[in-house]
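Asker: So the chains spell out like this:
There are 2 protein chains.
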Amino acid sequence: MPRTIHLDENEFPKSFYNILPDLPEKMAPYIDPKTKEPATPQQMSVLFPIELLKQETNFEDRYIPIPSELREIYLERLDRPRPLVRATNLEKHLKLPSDVKIYYKREDLSVCGSHKPNTAVAQAYYAQKEGVTGFATETGAGQWGSSLAYAGSLFGMDVEVFMVRCSYEQKPYRKVMMNLFGADVKASPSDTTNVGRKFLAEGKSTGSLGIAIAEAIERAVVTGKKYSLGSVLNFVCLHQTIIGQESIKQMQSVDDMPTHVVGCFGGGSNFAGIAFPFYELNKTKNAGIKLVAVEPETVPSLTKGKFEYDHGDSAGLTPLIKMYTLGKDFMPPSIYAGGLRYHGAAPSVSLMLQNGLMSASTVGDSQIASTAELFAKTEGIIPAPESTHAIAETVRLAQEAKKNGEAATILFNLSGHGLMDMAAYEKH
Amino acid sequence: MPRTIHLDENEFPKSFYNILPDLPEKMAPYIDPKTKEPATPQQMSVLFPIELLKQETNFEDRYIPIPSELREIYLERLDRPRPLVRATNLEKHLKLPSDVKIYYKREDLSVCGSHKPNTAVAQAYYAQKEGVTGFATETGAGQWGSSLAYAGSLFGMDVEVFMVRCSYEQKPYRKVMMNLFGADVKASPSDTTNVGRKFLAEGKSTGSLGIAIAEAIERAVVTGKKYSLGSVLNFVCLHQTIIGQESIKQMQSVDDMPTHVVGCFGGGSNFAGIAFPFYELNKTKNAGIKLVAVEPETVPSLTKGKFEYDHGDSAGLTPLIKMYTLGKDFMPPSIYAGGLRYHGAAPSVSLMLQNGLMSASTVGDSQIASTAELFAKTEGIIPAPESTHAIAETVRLAQEAKKNGEAATILFNLSGHGLMDMAAYEKH
Numbered sequence: 001m002p003r004t005i006h007l008d009e010n011e012f013p014k015s016f017y018n019i020l021p022d023l024p025e026k027m028a029p030y031i032d033p034k035t036k037e038p039a040t041p042q043q044m045s046v047l048f049p050i051e052l053l054k055q056e057t058n059f060e061d062r063y064i065p066i067p068s069e070l071r072e073i074y075l076e077r078l079d080r081p082r083p084l085v086r087a088t089n090l091e092k093h094l095k096l097p098s099d100v101k102i103y104y105k106r107e108d109l110s111v112c113g114s115h116k117p118n119t120a121v122a123q124a125y126y127a128q129k130e131g132v133t134g135f136a137t138e139t140g141a142g143q144w145g146s147s148l149a150y151a152g153s154l155f156g157m158d159v160e161v162f163m164v165r166c167s168y169e170q171k172p173y174r175k176v177m178m179n180l181f182g183a184d185v186k187a188s189p190s191d192t193t194n195v196g197r198k199f200l201a202e203g204k205s206t207g208s209l210g211i212a213i214a215e216a217i218e219r220a221v222v223t224g225k226k227y228s229l230g231s232v233l234n235f236v237c238l239h240q241t242i243i244g245q246e247s248i249k250q251m252q253s254v255d256d257m258p259t260h261v262v263g264c265f266g267g268g269s270n271f272a273g274i275a276f277p278f279y280e281l282n283k284t285k286n287a288g289i290k291l292v293a294v295e296p297e298t299v300p301s302l303t304k305g306k307f308e309y310d311h312g313d314s315a316g317l318t319p320l321i322k323m324y325t326l327g328k329d330f331m332p333p334s335i336y337a338g339g340l341r342y343h344g345a346a347p348s349v350s351l352m353l354q355n356g357l358m359s360a361s362t363v364g365d366s367q368i369a370s371t372a373e374l375f376a377k378t379e380g381i382i383p384a385p386e387s388t389h390a391i392a393e394t395v396r397l398a399q400e401a402k403k404n405g406e407a408a409t410i411l412f413n414l415s416g417h418g419l420m421d422m423a424a425y426e427k428h
Numbered sequence: 001m002p003r004t005i006h007l008d009e010n011e012f013p014k015s016f017y018n019i020l021p022d023l024p025e026k027m028a029p030y031i032d033p034k035t036k037e038p039a040t041p042q043q044m045s046v047l048f049p050i051e052l053l054k055q056e057t058n059f060e061d062r063y064i065p066i067p068s069e070l071r072e073i074y075l076e077r078l079d080r081p082r083p084l085v086r087a088t089n090l091e092k093h094l095k096l097p098s099d100v101k102i103y104y105k106r107e108d109l110s111v112c113g114s115h116k117p118n119t120a121v122a123q124a125y126y127a128q129k130e131g132v133t134g135f136a137t138e139t140g141a142g143q144w145g146s147s148l149a150y151a152g153s154l155f156g157m158d159v160e161v162f163m164v165r166c167s168y169e170q171k172p173y174r175k176v177m178m179n180l181f182g183a184d185v186k187a188s189p190s191d192t193t194n195v196g197r198k199f200l201a202e203g204k205s206t207g208s209l210g211i212a213i214a215e216a217i218e219r220a221v222v223t224g225k226k227y228s229l230g231s232v233l234n235f236v237c238l239h240q241t242i243i244g245q246e247s248i249k250q251m252q253s254v255d256d257m258p259t260h261v262v263g264c265f266g267g268g269s270n271f272a273g274i275a276f277p278f279y280e281l282n283k284t285k286n287a288g289i290k291l292v293a294v295e296p297e298t299v300p301s302l303t304k305g306k307f308e309y310d311h312g313d314s315a316g317l318t319p320l321i322k323m324y325t326l327g328k329d330f331m332p333p334s335i336y337a338g339g340l341r342y343h344g345a346a347p348s349v350s351l352m353l354q355n356g357l358m359s360a361s362t363v364g365d366s367q368i369a370s371t372a373e374l375f376a377k378t379e380g381i382i383p384a385p386e387s388t389h390a391i392a393e394t395v396r397l398a399q400e401a402k403k404n405g406e407a408a409t410i411l412f413n414l415s416g417h418g419l420m421d422m423a424a425y426e427k428h
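So the protein sequences, as listed, match chains F and Z.
Residue 58 in the numbering used here is what sits at position 58 of the first sequence, and the numbering runs on without skipping anything.
Residue 208 in the numbering used here is what sits at position 208 of the second sequence, and the numbering runs on without skipping anything.
Calculated from the structure, these hints are not laboratory results.
Hints may contain errors.
Identical copies carry no separate label here, and so any pair may be met within one copy or between two of them.
Quick list of in silico lysine to any residue cross-link-like pairs, SDA-like style, CA-CA up to 20 Å [as the list claims (entries may be wrong)]:
(1) K95 / G288
(2) K304 / R197
(3) K198 / F12
(4) K377 / G156
(5) K92 / K402
(6) K14 / E69
(7) K92 / Y63
(8) K14 / P2
(9) K377 / L70
(10) K249 / P2
(11) K95 / F155
Since the model is a prediction, treat every value here as computed from it, not as a measurement.
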């Protein structure tokens with residue numbers, strides 16, 4: 001069997017898989033923090049394109065067709081389908097018996113180095129269809145900002161990115177990448193918004209994701225552009241399901257199927273992307289595949305958070321979302337994986353966890369550098385610190401199966417590479 | 001036709017293609033600078049493993065079989081064969097007629113981001129077979145050092161890298177990558193060698209490739225390790241021919257064949273890697289494929305250099321090599337592409353040029369940023385500044401063919417990605 005499992009272009013999914021109708025209960029509505037009533041479509045449409053809002057609240061259609069133009073973008077511009085790899089070198093290193101197997105999906109191969117462009121191009125596609133001329137968004141480490149910048153460049157849309165100032169200064173390469181794709185990048189807090197000027201005046205100049213979100217929302221409203229978010233929301237998770245759908249076909253093509261599917265967990269989009277289609281197999285075919293989300297020990301939204309209404313941002317501007325949360329004021333420590341430092345969790349994933357349809361585990365920061373090194377030396381890919389959480393959990397599960405003499409086939413999502421994160425590996 | 005053309009593992013070459021017997025004249029011997037006599041195998045064997053020296057001077061065998069263990073390393077550890085891509089998006093952007101086509105080979109997908117690991121793993125493989133325990137080498141921008149570090153990690157060999165100090169300070173990520181693979185990295189000049197201490201005492205602390213080579217050679221001799229070089233030499237070009245051999249099979253699989261093969265040119269290994277197998281087609285099948293090496297306007301070894309004996313290094317320590325050279329004291333300006341700032345040229349490529357069997361052209365530094373941006377926006381890959389020279393020449397050739405109403409099928413080697421070079425793109 002070859003290490004690398006490709007998939008023909010004509011096998012690329014024709015639809016996104018919408019988990020909402022398959023969840024055991026209807027998701028609680030988003031709540032307007034002022035009125036305490038469900039947020040109206042009109043309120044939401046100031047920020048988001050109509051088609052995306054329809055997807056956000058589509059509780060009927062299990063499959064949402066991918067328009068042919070968008071499908072072509074996935075094939076031609078993102079070079080999907082992406083390979084799935086049998087981790088033969090890692091397996092050998094761990095001396096696994098032949099019935100304990102590891103596979104991974106290579107989302108690191110995208111233009112910006114992670115799975116984020118999968119939803120960025122979809123959001124840009126639907127938006128330009130409605131005449132939207134541009135987006136404002138925030139970015140922490142820069143992964144999301146560069147993905148939306150790329151997507152904007154495909155459709156000639158303006159993209160304005162508010163990048164948390166400390167990241168802006170620590171990760172200049174990400175800014176260069178966003179500029180390369182024509183985006184306008186501002187260190188947040190900036191002097192271009194009221195909220196930015198307010199925080200600057202208060203001396204809060206290093207910034208936070210909460211402030212950057214607030215700035216992006218203000219700019220979207222003032223300029224008549226739309227706001228864009230790269231995780232958490234239903235339509236984001238929906239677009240990412242192409243990952244899991246491809247993976248199922250690839251596993252089938254080598255006559256195999258995972259017993260465990262593992263994804264790291266920040267807001268939820270990469271876990272959802274790989275896990276939701278396997279959830280469908282569990283529901284419709286009783287496949288019994290274990291779905292495991294892995295979060296940092298110090299940001300335990302799923303494992304120690306409460307399932308309750310909370311704001312999506314730290315500034316308290318967004319509607320209230322029913323989700324697992326550590327509280328909007330939760331301030332995580334500095335860790336390798338900047339992309340996993342989020343207080344909340346996708347509401348769809350939260351519902352799955354609440355209903356025992358998946359599990360969550362944690363990985364300590366002390367394991368990250370050594371696990372990344374192990375993976376680089378064996379599989380020849382330097383993984384993103386975020387993805388390394390999934391690798392560490394996979395190694396743990398494989399060793400446990402070996403010890404117990406049990407068979408296991410573990411598939412994890414290699415959501416990104418670490419080439420732009422070398423500073424973090426050096427620092428820690 | 002799909003954009004991406006894969007190749008089955010069993011189609012991976014069984015042999016390296018050795019161009020030496022196919023060259024129109026026998027290559028001039030390396031000369032010992034002291035005796036002015038041809039360097040003896042004994043002199044050379046202090047620095048290089050025996051098997052590599054045999055390859056260096058093999059003027060008989062057109063094909064040198066790849067040992068099965070090494071072949072497995074190419075398949076399992078370097079994930080070869082690598083894809084070849086039809087540049088459909090770039091073609092559309094340039095509004096090319098249907099008979100002007102562009103293809104590129106994705107050498108950027110390797111563990112260290114370029115074609116360099118192809119020879120690094122081969123050198124390490126042959127060396128460990130002879131009981132060599134480690135290598136000393138130099139690196140400028142860090143691409144070669146990280147590739148040899150990776151290769152060393154596969155065989156448990158020590159790798160000591162002397163990195164030109166100004167790069168060491170400007171490109172810390174490369175150092176982190178080398179450390180990740182277990183290499184010992186020293187800023188050169190260092191205080192660990194006589195020659196390093198001498199230059200430090202003279203206040204030449206920013207370093208140069210010439211000094212770093214001298215330090216690596218001294219360490220190799222003192223420690224009983226071997227010295228390793230990542231370009232120029234025959235055995236290096238030999239190992240890289242797997243690139244062109246794969247490409248021929250991939251082009252054949254879509255019933256096509258290039259009219260032009262383009263590679264950027266520094267020392268010569270990536271150009272040789274893609275072009276030599278097509279040279280064989282020209283020689284044996286009269287294929288008439290144009291082979292084009294592209295160098296920076298400011299480092300015109302092939303286009304303005306002299307074909308004469310010169311040292312391979314700036315310090316005058318290596319044997320004299322008959323090649324196109326700008327003179328060992330030539331000091332190129334700072335340009336985007338650190339990897340192309342070499343005064344000389346592979347002697348095999350020099351002989352081809354001297355005999356009119358290929359052509360050379362130049363690209364100005366002012367084209368690099370805009371061409372890289374064009375490629376990133378259309379093909380979704382941020383190219384290395386080195387590879388961008390090949391892209392710029394490809395675009396020029398395609399536009400010329402379009403203008404003249406001629407058919408053309410241009411294949412270029414995308415020798416590396418630019419994710420570790422973002423600082424250069426920012427600076428310029």
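Asker: Taking the hints in turn, state whether each one holds.
Answerer: Here is what the structure says about each hint:
1. Within a single copy, K95 and G288 get their C-alpha atoms no closer than 26 Å, and across copies no closer than 51 Å, so neither meets the 20 Å cut-off.
2. In the homo-oligomer, the alpha carbons of K304 and R197 never lie at most 20 Å apart, since the shortest distance is 35 Å inside one protomer and 57 Å across protomers.
3. Proximity of K198 to F12 under the C-alpha cut-off of 20 Å is found in neither arrangement, the shortest distances being 47 Å within a copy and 61 Å between copies.
4. When the C-alpha separation of K377 and G156 is checked against a cutoff of 20 Å, the pair qualifies only between copies, where the shortest distance is 11 Å, while the shortest distance within a copy is 40 Å.
5. Only within a single protomer do K92 and K402 lie at most 20 Å apart by alpha-carbon distance; the minimum there is 13 Å, versus 52 Å between protomers.
6. Only within a single protomer do K14 and E69 lie at most 20 Å apart by alpha-carbon distance; the minimum there is 12 Å, versus 42 Å between protomers.
7. Taking CA atoms no more than 20 Å apart as the test, K92 paired with Y63 passes in neither setting, with 39 Å inside one copy and 32 Å between copies.
8. In this assembly of identical chains, the alpha carbons of K14 and P2 lie at most 20 Å apart only when taken from different copies (17 Å versus 26 Å within one copy).
9. In this homomeric assembly, K377 and L70 come within 20 Å of each other (Cα to Cα) only across copies, at 17 Å, whereas the closest approach inside a single copy is 37 Å.
10. In the homo-oligomer, the alpha carbons of K249 and P2 lie at most 20 Å apart both inside one protomer (16 Å) and across protomers (18 Å), since each shortest distance falls under that limit.
11. In this assembly of identical chains, K95 and F155 lie within 20 Å of each other by CA distance solely across copies; the values are 17 Å between and 49 Å within a copy.
In summary, the structure is inconsistent with hints 1, 2, 3 and 7 from the numbered list given earlier, while agreeing with the others.
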